[in-house]
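Peer 1: The whole structure should be built from the sequences, with the hints applied where relevant.
Protein chains in written order, with our numbering: chain A, 1 to 353; chain B, 1 to 126.
Hints in this document: simulated from the structure, not taken from any laboratory.
Listed below are the simulated DSS-like cross-link pairs for lysine-lysine, each with C-alpha atoms no more than 27 Å apart in a straight line:
| hint | chain 1 | residue 1 | chain 2 | residue 2 |
| --- | --- | --- | --- | --- |
| 1 | B | K90 | A | K310 |
| 2 | A | K81 | A | K258 |
| 3 | A | K117 | A | K132 |
| 4 | B | K46 | A | K311 |
Predicted, not measured: the structure shown is a model, and the values here were computed from it.
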Amino acid sequence: METPLIQLHKKLNAKIVDFHNWKMPLYYDSIINEHLWTKENASIFDVSHMGRILINGKGSIDFLNYITTIDILNLQIGSAKYGLILNENAGIVDDLVVYRIDELGFLLVVNAGTRNKDLEHIRRHSEEFDIKIEDITFNISQIAIQGPKSKSVLEEVLGISIDIPYYCFVKHDDMIISRTGYTTEDGFEVYINSDRALEFTENLLKNPNIKMAGLGARNTLRLEAGYCLYGNDIDENINPISARLRWTIYLDKNFLGKERLLKIIENGVNYVRVGFIAIDRGIPREKDDIYINEKKVGYVTSGAFSPTLKKGIGMGYMLKEYSKLDTEILINGNKFKVVRLPFVEGSLKNIKK
Amino acid sequence: MANNPKDLKYTKDHEWVKIEGEYAIIGITDYAQSQLGDIVYVELPKVNQKYNKGETISTLEAVKTAADVYAPITCEVIEVNEILKEHPEKVNQEPYGAGWIAKVKILNKNELNELLNAEKYENLIQ
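Peer 2: What follows is the structure, given as structure tokens:
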């Protein structure tokens with residue numbers, strides 16, 4: 001599959017890779033340069049590979065309250081929230097952002113690799129609810145604009161002011177503009193008709209403060225921010241407590257997986273998600289084992305070189321009793337220490353309340 | 001992709017070899033560095049160490065992935081490119097020049113015949 005920006009990626013000599021059957025740009029020039037540019041200026045990320053699903057109808061509130069961990073009743077029109085879809089065993093089916101478009105209309109933004117699974121899961125559990133499910137992934141494209149200059153660039157190009165709080169959105173022409181993202185920086189995501197996505201992106205690129213960035217920089221930016229990547233850091237075999245995503249769960253309602261989740265909370269978990277940074281050199285890689293004194297105490301789920309810190313960083317799961325901050329661990333013979341997440345802060349902290 | 005020098009020999013694992021009499025210089029191809037992306041650490045071979053053909057001689061760590069460099073021929077390392085310790089990005093910037101990895105003594109001349117010329121290598125990566 002291709003996004004409406006594929007010709008632009010090719011024209012800019014992007015290294016194109018297969019990502020869950022989508023032809024996506026990994027980088028144009030260099031992951032490090034694109035990462036550092038994003039933290040100083042603004043970058044455009046083609047994220048149209050993400051799944052976009054509309055849920056409408058009289059039963060939409062009750063349905064989403066049941067199927068996600070989000071407090072849908074208190075989700076205001078014009079705002080969005082990050083949360084999870086759990087299965088009966090409280091395993092994570094997906095992580096997602098739910099936007100409340102109007103009284104009964106919601107936009108679900110889900111992962112590319114899980115879209116079909118999610119649609120099936122949603123359909124399977126929707127029978128008792130009066131809802132309409134519409135997969136708009138191909139009709140509507142998604143462009144992320146991230147970086148401290150993203151607001152000024154977007155305002156300049158669109159000729160409007162976009163003073164909205166974090167995780168809120170406005171409608172403008174045929175677009176939805178939300179103050180959301182997957183980096184440590186201030187940023188927006190624009191949902192736009194797919195036949196206008198290329199023209200919109202090319203207009204943005206006329207501004208000298210903004211450049212394209214690929215999935216490589218998207219990954220290093222999200223890792224520095226300590227965000228989970230579905231399929232790496234979370235999946236159906238991981239529960240939200242181990243993943244330290246308790247904050248995404250509203251417990252004062254009934255939802256799929258709640259019964260099991262309460263048991264997990266009561267009993268506690270053996271493994272917890274942690275972040276770690278190289279003391280000297282070495283880069284942790286997915287599936288590497290974590291050792292303390294020759295005892296295996298965990299495994300790596302995400303790892304990369306941090307362009308900001310100039311060191312190897314990673315996330316993974318460790319036996320809880322070994323996971324204290326500053327604990328020294330060994331990965332592939334290199335020394336790391338357990339650190340607090342996020343690894344790096346950026347302009348995002350100024351707009352988060 | 002027709003930027004691979006004609007005077008070098010290549011392997012299917014994307015190393016290049018510049019033969020200079022009894023000696024050779026080894027590096028990775030432009031294609032290999034573009035597949036890896038930004039290289040941030042280079043683990044250099046050991047000087048005076050003998051490596052059999054196909055043995056891991058060096059490891060390149062890029063932002064998202066790591067790759068082993070295999071000895072394209074049986075050889076003894078006589079010099080390594082120390083600059084790469086401080087400037088691993090040279091491998092990305094000048095894979096056929098300042099980004100060379102090791103100078104070696106050729107230990108089995110017969111193996112040279114098994115290396116690919118530029119044209120054959122380019123057919124391989126197309």
